[in-house]
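Asker: Numbering (the UniProt record's numbering), first residue to last: 1 to 100.
Hints in this document: simulated from the structure, not taken from any laboratory.
Incorrect hints may have been included.
[Stated by the list, open to error] SDA-like cross-link-like pairs, simulated, lysine to any residue; straight-line CA separation at most 25 Å: (1) K72 with I36; (2) K11 with K57; (3) K49 with E94; (4) K11 with A64; (5) K72 with L8; (6) K49 with C35; (7) K57 with P12; (8) K49 with F71; (9) K72 with N48; (10) K57 with V6; (11) K11 with G95; (12) K49 with P12; (13) K11 with A89; (14) K72 with M1; (15) K11 with R59; (16) K57 with A17; (17) K57 with V3; (18) K57 with M1; (19) K57 with I82; (20) K49 with L21; (21) K72 with I82; (22) K11 with E76; (23) K57 with T68; (24) K57 with R30; (25) K57 with G95; (26) K11 with L78; (27) K11 with P44; (28) K11 with C35; (29) K72 with F52; (30) K57 with F40; (31) K72 with L41; (32) K57 with E92; (33) K57 with S5; (34) K11 with L21; (35) K49 with A22.
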Amino acid sequence: MLVFSVTLTAKPDAAPALIELAAMLAPLSRAEPGCIRYDFLQSPHTPNKFVFFELWKSRADLDAHFQTSHFKTLAEQLPALIDGEPEAASYETEGPKPGF
1 MLVFSVTLTA KPDAAPALIE LAAMLAPLSR AEPGCIRYDF LQSPHTPNKF VFFELWKSRA
61 DLDAHFQTSH FKTLAEQLPA LIDGEPEAAS YETEGPKPGF
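Construct the entire structure; sequences and hints are all you get.
Answerer: Structure representation (structure tokens):
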């Protein structure tokens with residue numbers, strides 16, 4: 001399983017447009033065969049800070065996600081909506097272990 005997250009900061013007044021874009025993307029991404037979980041989270045303390053938090057069956061499934069038209073729409077529109085560069089992190093795991 002692959003844990004993937006992207007943290008980003010919306011430009012001033014761009015948060016509503018970013019939320020709308022994520023609302024389009026999330027259900028389409030959740031319907032992909034390799035998607036286990038796909039969330040878009042907004043910080044309660046810093047309203048312009050957001051995180052895409054995703055679980056995929058494999059790196060290949062995430063790579064296939066990057067080729068979808070809905071992801072490409074996000075990639076095209078995202079630079080106009082955020083300050084700085086998104087911070088991505090990924091982790092390979094076998095899944096939850098008993099006792100954790």
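Asker: Now look at each hint and say whether the structure bears it out.
Answerer: We went through each hint and held it up to the structure:
no.: 1; hint: K72 with I36; in the structure: holds, 20 Å
no.: 2; hint: K11 with K57; in the structure: violated, 32 Å
no.: 3; hint: K49 with E94; in the structure: violated, 29 Å
no.: 4; hint: K11 with A64; in the structure: violated, 29 Å
no.: 5; hint: K72 with L8; in the structure: holds, 17 Å
no.: 6; hint: K49 with C35; in the structure: holds, 24 Å
no.: 7; hint: K57 with P12; in the structure: violated, 35 Å
no.: 8; hint: K49 with F71; in the structure: holds, 20 Å
no.: 9; hint: K72 with N48; in the structure: holds, 22 Å
no.: 10; hint: K57 with V6; in the structure: holds, 17 Å
no.: 11; hint: K11 with G95; in the structure: violated, 35 Å
no.: 12; hint: K49 with P12; in the structure: holds, 11 Å
no.: 13; hint: K11 with A89; in the structure: holds, 21 Å
no.: 14; hint: K72 with M1; in the structure: holds, 23 Å
no.: 15; hint: K11 with R59; in the structure: violated, 30 Å
no.: 16; hint: K57 with A17; in the structure: violated, 29 Å
no.: 17; hint: K57 with V3; in the structure: holds, 9 Å
no.: 18; hint: K57 with M1; in the structure: holds, 5 Å
no.: 19; hint: K57 with I82; in the structure: violated, 28 Å
no.: 20; hint: K49 with L21; in the structure: holds, 15 Å
no.: 21; hint: K72 with I82; in the structure: holds, 16 Å
no.: 22; hint: K11 with E76; in the structure: holds, 16 Å
no.: 23; hint: K57 with T68; in the structure: holds, 17 Å
no.: 24; hint: K57 with R30; in the structure: holds, 12 Å
no.: 25; hint: K57 with G95; in the structure: holds, 10 Å
no.: 26; hint: K11 with L78; in the structure: holds, 10 Å
no.: 27; hint: K11 with P44; in the structure: holds, 16 Å
no.: 28; hint: K11 with C35; in the structure: violated, 29 Å
no.: 29; hint: K72 with F52; in the structure: holds, 15 Å
no.: 30; hint: K57 with F40; in the structure: holds, 18 Å
no.: 31; hint: K72 with L41; in the structure: holds, 20 Å
no.: 32; hint: K57 with E92; in the structure: holds, 10 Å
no.: 33; hint: K57 with S5; in the structure: holds, 14 Å
no.: 34; hint: K11 with L21; in the structure: holds, 14 Å
no.: 35; hint: K49 with A22; in the structure: holds, 13 Å
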